[in-house]
Amino acid sequence: MSTRKLVFSLGMGIVYPILGIVQILGGIVPGLAVSLNVLFIPADIIQGFVLCLIGAVFLYGAAEIHQNRPGAEAFLYVGMLLSLIFCVITLIDLGAQGANAVLFGGDGGSSWPLTQVIIPIIYMAVPSVIGSYAWGRKFFSDLTEA
Amino acid sequence: MKNRIRIALAGNPNVGKSTIFNTLTGSRQHVGNWPGVTVEKKSGFATVGNTEIEIVDLPGTYSLTAYSVDEVVARDYIIEERPDVVIHIVDATNFERNLYLTTQLMELGVPLVMALNMSDEAEKKGVTINPSRVKEYFEIPAVKTVGSRGEGLNELLRTAIAEAGTSPHHEHSIGYGNEIEQHIANLIIALKTDPVLTAHYPPRWMAIRLLEGDEKISDEIRSSPAFDAITRELAKIDLTLTEAAMADRRYELIAAFMPQVCPTCVRGMSASDLIDHVATNRYLGIPIFLALMWGAFQLTFAFAAPFTSAINFAMNALGSAVTAGIRPEWLASFINNGIIGGVGTVLGFVPNIFILFLILAILEDSGYLARAAFVMDRLMYSIGLPGKSFIPMLIGFGCNVPAIMATRTIEDRKDRLITILINPFMSCGARLPVYVLFAGVFFPHSAGTVIFFLYVLGIVIAILSAKLFRLTILPGKPAPFLMEMPPYRFPTGRTSLVHMWDRGSMYLQKAGLVIFGIAIIVWGLASLPLGVAYGSEGSYVGILGHVIQPVVAPLGFNWKITVALIFGFMAKEVVIGSLGVLYGVGENHVALGSALHADPTLSAVTALALLVFVLIYVPCMSSVAVIKKETGSWKWTVFSVLYGLVIAYLAALAVVHIAPFFIGGA
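Chains as they are written, first to last, in our numbering: chain A, 1 to 146; chain B, 1001 to 1666.
By construction, these hints were calculated from the structure, which means they are not laboratory data. Worth double-checking, as some hints may not be accurate.
Derived DEER-like restraints, expressed as beta-carbon distance ranges [unchecked claim]:
no. : chain 1 : residue 1 : chain 2 : residue 2 : range
1   : B       : E1155     : A       : Q67       : 17 to 27 Å
2   : B       : N1094     : A       : A99       : 34 to 44 Å
3   : B       : N1094     : A       : A63       : 23 to 33 Å
For each residue, glycine too, the CB sits at the ideal point set by N, CA and C.
Turn these sequences into a full structure, and let the hints guide you.
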């Protein structure tokens, strides 16, 4: 059992769902959204669900790693992969909104406020990048070679 | 009174089959020969509780092809005598090698139970097979046994008795990929023309055997009336290549399942195995699929937004030039309102359609969609649908017409009918422009989420309808799920682009031909009788809208929306084209979105009700025609149309009454 992987999975498995639940609550409870915006947490139910899901994958992995089950690390790798995928999707979304606004004056504003960019689904990918570099190099290189 | 069942023991040679047979039957056995051959036949009896079990020991075989007498005897017994259960005894120390026979037994369509024999020796070697995972992946209950000590044998018999009494029973089978599956489907159609053959042999199994060049089955069909049709179909196929491809598919599936069912059997998990470990997880598989689909829609709209803006910009500029430079006025109106307002507006949504198809093609080519089908199968079965229905439902996200045609691969008539009837609830690409427009105008900050919910709502309605149909008008048991597990791979750009173009061009053709024609009709109805203001209440279109509008008034739809919905029956994209014409987008150089937003009779709630109505109501004219063609029945076609209309009306009405609590009223 790798203690570092366990601690990492557990940490991500706790923080992701907390942020996810807060985002979901922001989308449900009227008035909470404004307070959350100050904390750089958007009120977005679906994105909150995605954060909870990524957290669940990590948490599942933590339990499997703790029990030393075969294939337990799969949850860690896939958790990091999902974290990166959704970060990239959100960045593309923001980038396209920005491009659309600049080129055609479409919805998305003329600038990128920090509250749109520094959001959990993006900054939570940072530990995943570090984790991928530390443990997932073979996993990710296998994927890209397939 | 005692129950009586018959069990056959099947397995590779030297897996401890005879030991288990002897332990189970003790002295109550009979030894003879199988009819016509000198292969020893052993049968005996065992009693468990109130059940008397006849146990037949089949000859040990590595496969069920007709290459040896043992194989012919084993498979003929299973097919002709139809035992209540076949216990497949596998050597747990050599698990992977035994699974090839498992895949062939699965194709025979008999209830199976797996005995993981010699489990003690396997565990000493560090090999641990997870019986619940065997059940999960193969849909075969598995029991660990040690035949030499009689361990697990009572549980094995009890499981077999339970399996014999389980009805309906879900089954998994091997999927051989689109091309071979199409050949199988064609052969099944040919085979079904001879009821004697299909009464004797399972049609799918027979089709597979024919593709694998089984001489015994080829002899059987020689005197059948289906012979000519089968020969014609087989003549189109390179049987040597097909046989090899089919064996590859079986090994591919075994290779994909091995690390999941027995992680200690493999040296190390590949990246593909690791992803499968999570993506096919019982609890996480479906949420991950849903999240990725949401991500796909987010990406679609993100990428498409600048392109859509560019097209709209160009259309507006063209509209201005037409109005300024073309005379007489009616011709300018025709070009601006009829052509640019109708077709032009729809073209603005082409980027969304193409990008969504590209992302779906990437997911398909990466191998992920096969896993999605696998995880969805559990859900599908629980609602009374065969796993095979998943693929037509998925294609339905592109266009319902090919999706309904794709149900041809579903052999069972009731399964097929249910899949056809629920397919129009899958949100086809044609509905996307309507979603994009209304969600963008009335829910600018959560358009992606609204659209995602519409897609989910379509799935939910399809599921509930399937359950309802299965419980009422089309009762029965779904057919087995065809499993395919190609390894994950990075899709090549060219393949994905070709897939995107194939599906997207279908939309373009519809946009170019059908919508053009309808836009002209709408323009005509909106311009006549002579002298009325374009699209006014006095025009024919206004009169038509006013006649029907009272019916949809409880849903909050004005007469323009009503007219657009009527024309939407031709093709759902036309809703936008018609609105473009009715709101005079071209003439006034005002974006349709702004016109809708400025319309005081429309609100966020009305928009949501309209979106729900568009999602559910009458499939387009082309879909209706295909439903008629594929079901061969006007009764089911009319039922499909009316059912959709009633559900759409009720759902939209529910939105009108419930949505104000969530989105702040009208």
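Right, here's what the structure says about each hint:
At about 25 Å, the CB distance of B:E1155 to A:Q67 agrees with the hint of 17 to 27 Å. Against the hinted window of 34 to 44 Å, the Cβ-Cβ separation of B:N1094 and A:A99 comes to about 58 Å, which falls outside the hint. The hinted range of 23 to 33 Å is satisfied by B:N1094 and A:A63, whose Cβ atoms lie roughly 31 Å apart.
Hint 2 alone, counting from the list given before, is not met by this structure.
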